[in-house]
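Chemist: Spelled out from the first residue to the last, the chains are:
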Amino acid sequence: MITRRSFLRAGAALVLMHSCRDLCEGGVPCAHAASGADIKGSVFRGDAPKRLWKYSREGYFYTKSYGNKVACDVCPNHCILNPGDRSVCRSKVNIGGRLHSIAYGNPCSANVDPIEKKPLYHFRPCTKAFSIAAAGCNIRCLNCQNWEISQARPEDVRFIELFPAGVVKAARSSGSSSIAYTYSEPISFYEYMFDTARAARSAGITNVFISNGYINPKPLLKLCTVLDAANINLKSFSDEVYRRLNGARLEPVLSTLKTLHERGVHLEITTLVVPGYTDDEEMTRRMCGWIVRNLGQDHPLHFLRFFPKYKLDRLPPTPIAVIERFRSLAMQEGIRYVYVGNIPSHEGNNTYCHACGRLLIERRGYILPVNNLSGNACRFCRTRIPGVWA
Amino acid sequence: MVQLTMIRELLAGFEGNEFVVSLALLCWLAAGGLGSLAAWWARVVFGAPSARSLALASFPLAVLPVLQVLTVRAIRSQVLVEGASTGFLPTISCTAFMTGPFALVVGFILPWSLYVIRTGDGRYPAGRLYIVDCMGATLGGLVFTWVLVEWVTPMGILVVSSIVLLAALLRLLSVAQAGMITAAAMVFMVLAAGIAGVGLEAFTLAPRGAHLVEYRESRFGRVTLVRDHGLHTIFLDGMPAISGQDRVAAEEAAHFALAQVRRPRHVLLISPGGGMVEEVLRHGPVSIDYARTDPTVISLELAHGLLGAHAGLRVVPEDPRVYLKGTTKTYDAICVDEPEPRTFQSNRFFTREFMELARAHLNEGGVLSLSVEGYESYISEPARRRVSSLFNTAGAVFGHVLVLPGQRVFLIAGDRPMDADIPSLLERKEIRTDYISGYFSGDVSPDRIHGLMAQLDPAAPLNTDFEPYLVRLALDSWALKHAARPWILILGLGVFCALYLPRLTSREFTLFTTGCVNLGSEILTIVLFQILFGYLYYRIGLIVTVFLAGLMPGAWVAGRLSRGVRGVLMATDAGIAGILGILAAILASEPGLLSQWFFYAFGFVISVLCGLQFPLVAGITPGQDSMAARAFSVDLVGAAFGCILVSALFIPFLGIVSACLALIGLKVASIMVQAVSAHDH
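Chains as they are written, first to last, in my numbering: chain A, 22 to 411; chain B, 1009 to 1689.
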């Protein structure tokens, strides 16, 4: 049904989209102006560099079409690129009828982070993750924490040269036991991530995928062969919210969650609770129900507090009471390990045994002063705790 | 009154930066210029105007403001993305939509009323109307600034102005012997619009899903307090500023600085966020002085538990920089938690001059703490330049500067070496924190600190009062965030100039530059006044009034001149340039010589000289009716250019002294045009 609000929005979006293309960067249909409709990005016509650079690799998943067109098959955006075009994620270009990634070996961010920061609470606690990102993202979250790199072209940001073998070497020398593909959106640098992950696995380093999960099944299945853990940001449980807050769709993300679960990749889920967008209790209840039915009770779920960020800077932070309510609601629905995020020193940061309820791990930030796990089981009742603990 | 109300409305609805203010004024003045031209066109097409036509044409001014504000609020909440800041195009579209129709009619009415008056008195001078218009504007400005703004809500102000106008229109209709039905219809519509506006005022400000607890219009902007599931958040001009549950921000802002001081006894907090005072108290200071410009915010904090009453806590409800300048008290730590340096006003707390002032009020071993928006994993180019500039600025004043990266980048400056290991410092003081103790090691690791330090640019310009580099970077950041290209606007203005200026006569060109310099000087004066003397609301209101008031005697003198127009124009141009030159010279050599009286005198003299020129160009040229309309139009368009040039280009990109010189350049160009086109007339 068309409401007055949606009619107003659609009308304004149409007018603004047509009038502002020259004033805004080609690929973004003036998301901020195009209002609550769909802020999905679009292909950047004629924006590809004239020639490939050192940091290029032919795409692993794409289809050639007539007239030298190519269709990228990595993510559900299915960008169809004419020669000279650039994909929604800004990292893929069609040059000479072939799809190339231009985010390969040129990370713009490389840090050593505690694994808990990802957040991964049930995967090798107290270890370090060598974390890398190249520029680009296939969606357009209004509250992106890393918009400086996710909404930028690879050639427009400062980067270091670090090809897959170099990443593995750097990870090892930093004492990291994992490599995390994170910050921006690793799906946009899929080829670089996959090759690095393969090299890391043969070197005995684990691979951690921190992503929006907006990826097609085929590339995901291939990626699963080298992945050890993932944290997928399930941004809401509403397709409408996904479209107006993130410029993406819900269904492909749910499909990703199922695939990761089926392939046995250690999986944790994060949901940012944004006031006015994703703080709907009923929606959260449905989301938790879906998780329990499709993924089981064992995948940790993190509810994060929102703070004003990027374009979404005129909203208040999420009240702590809302996060607490969602945590108890998720536990009522049957999810065994539900955490709070961005609330220091809250008991919701700790791990409690789902069988006996005793404190297993106390977390003070990235420090774990109490650890009552014995191997992968509760020291008190010997119940196996889901996760990768060693 | 309507103009001032609308600017406040735009600042609250969109981003409160100089660019938005200048866009609002640009749209206003440009639409006014178009309206004036439309009056001339209407005169040609429809022939002799009547009092009745003036009343009917003026009527929209009594209902449009309320409707425009309601519409823009509806667009802000219903059409644009809720809770999101807007980019260049939505801002300029809404600004044009909000100010355009009203300003168009205002621009139309000015020459149209002249035509109406001249139907009875053919020799009525345009200059006299100009004087009356200035008197009205001055009176409106005074009433708004001194009476209405604190006591009446925006809708109330608009209703007051509508009722005053309605009374004038009814009088006009009675003179024109119009029917009762017309008058009754006008009264009904004005009342209906007013009731709708006042009735919907709070409703249109309430956020979705949260409860609007308090709404106040202070002298400094809109203050709203919202409650959601027990969380109180104070919004200043639409942006969340103080929140009751932001432990991370409170700990960072308090402990990063105080950890460096062994035993802080006296602490000054400048515009602190929620919970910061409580964190500072954990260091056991003897006194905490809490300074904030807007007392309305303080009263809301106290009333809703965002600020508790503590022994040793003293609230200082005045401009913190003015307070610091006037006090002899010294501190062990001065913690600045001001909003981002996006405006000339907030930039005053990030400049070299402020840091020097702060240093003079620090005890031995004391520290100054500042912070700006940070980053998660990658520092963008404008942000890198911003931190570099701040680091260099602090380095020019203090012996040691520590930079801590994170969601906010902190700079701790002092004259003793700093220690970046904040958790250890706090541990030594036996202060246990929720965030810093557990997260600092991962979020502000030595690697991240070194990574940021390695990226800082030692050649980045210093941020000073008169060259506010950070304001310019704020415009860059805004453009980057919204993928906007404001240079298209600049290009558009350039093209407009190229098409528009050649069509002007030499005298109209002089008037164009006068409009430009008059408004440009006013903006320059307000910015300078704030820098030198602080945000003194009433005195700044007085400056605005002085700039309007000076136009009247100028126009009055011009009405008594009948010969030597060219010479007078050139002489007044030279006078304007000379006064600006004096200001530039003092600023460049000894700005300390400038007193508040200088600015009042400066504004008055500049506007007298500008006011003198208008009647000469509008009234003496043959074909007076069309020339008057054109003169009104040229003056307004010139002012529009002055506004955007000075606030969005000259001051941020060239600095204040160069902005003065650029304005002088405009007047020199005017003199040259007058000189070479001596035979035009």
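Among the hints, erroneous ones may be present.
With a Cα cut of at most 25 Å, we get these calculated SDA-like pairs of lysine to any residue [claimed, not checked]:
#1 B:1489 with A:254
#2 A:330 with B:1491
#3 B:1489 with A:81
#4 A:138 with B:1081
#5 A:330 with B:1235
#6 A:330 with B:1415
#7 A:330 with B:1388
#8 A:138 with B:1391
#9 A:330 with B:1081
#10 A:330 with B:1348
#11 B:1489 with A:325
#12 A:330 with B:1411
#13 B:1437 with A:391
#14 A:138 with B:1388
#15 A:138 with B:1235
Every beta carbon over 10 Å from chain A, so not counted as near; a handful from chain B, in silico [stated by the list, open to error]:
#16 1065
#17 1068
#18 1089
#19 1198
#20 1224
#21 1354
#22 1445
#23 1447
It is worth saying that the hints were derived from the structure and are not from the lab.
As the structure is a prediction and not an experimental result, all values here were calculated from the model.
Yeah, the Cβ is synthetic: ideal placement off N, Cα and C, and Gly gets one too.
Chemist: Please go over all the hints and tell whether each is borne out by the structure.
Modeler: Hint-by-hint comparison with the structure:
For the hint linking residue 1489 of chain B to residue 254 of chain A, the alpha-carbon distance of about 22 Å falls within 25 Å, and the restraint holds. Simply put, residue 330 of chain A and residue 1491 of chain B have alpha-carbon atoms about 16 Å apart, close enough for the 25 Å limit, and the pair holds. Only pairs whose Cα atoms come within 25 Å are accepted, and residue 1489 of chain B paired with residue 81 of chain A is rejected, the gap being roughly 31 Å. As the CA atoms of residue 138 of chain A and residue 1081 of chain B are separated by approximately 40 Å, the hinted pair breaks the 25 Å bound.
Distance restraint check for residue 330 of chain A and residue 1235 of chain B: the Cα-Cα separation of roughly 20 Å lies within the 25 Å cut-off, and the hinted pair is therefore satisfied. Our distance criterion of 25 Å between C-alpha atoms is met by residue 330 of chain A and residue 1415 of chain B, whose separation comes to about 10 Å. Taken as a hint, the residue 330 of chain A and residue 1388 of chain B pair is honoured in the structure, with Cα atoms around 15 Å apart against an allowance of 25 Å. Restraint check for residue 138 of chain A and residue 1391 of chain B: satisfied, since their Cα atoms lie roughly 23 Å apart, inside the 25 Å limit.
Of the supplied pair hints, the one linking residue 330 of chain A and residue 1081 of chain B holds, its CA atoms being roughly 22 Å apart against a limit of 25 Å. The suggested pairing of residue 330 of chain A with residue 1348 of chain B holds, with an alpha-carbon distance near 13 Å, which does not exceed 25 Å. In summary, the hint linking residue 1489 of chain B to residue 325 of chain A is supported, as the alpha carbons are separated by about 23 Å, within the 25 Å threshold. The straight-line distance between the Cα atoms of residue 330 of chain A and residue 1411 of chain B is roughly 22 Å, inside the 25 Å bound, and the hint therefore holds.
Of the supplied pair hints, the one linking residue 1437 of chain B and residue 391 of chain A holds, its CA atoms being roughly 24 Å apart against a limit of 25 Å. Under the criterion of a C-alpha separation no larger than 25 Å, the hint pairing residue 138 of chain A with residue 1388 of chain B is consistent with the structure, at around 22 Å. Between the alpha carbons of residue 138 of chain A and residue 1235 of chain B the distance comes to roughly 30 Å, so the proposed pair goes past 25 Å and is violated. Distance to chain A confirms residue 1065 of chain B as a non-interface residue, since its nearest Cβ pair spans about 29 Å, more than 10 Å.
At roughly 23 Å from the closest C-beta of chain A, the C-beta of residue 1068 of chain B stays outside 10 Å, upholding its exclusion from the interface. A beta-carbon of chain A is positioned within 10 Å of the beta-carbon of residue 1089 of chain B; the least distance is around 6 Å. For residue 1198 of chain B, the requirement that its beta carbon stay farther than 10 Å from each beta carbon of chain A is met, with the minimum near 27 Å. Its beta-carbon lying about 17 Å from the closest one in chain A, residue 1224 of chain B satisfies the requirement of being farther than 10 Å from that chain.
The Cβ of residue 1354 of chain B sits about 15 Å from the closest Cβ of chain A, beyond the 10 Å cut-off, so the non-interface label holds. The Cβ of residue 1445 of chain B does not lie farther than 10 Å from every Cβ of chain A; its closest approach is about 6 Å, which violates its non-interface assignment. Its closest Cβ contact with chain A, about 4 Å, brings residue 1447 of chain B to no more than 10 Å, contrary to its assignment away from the interface.
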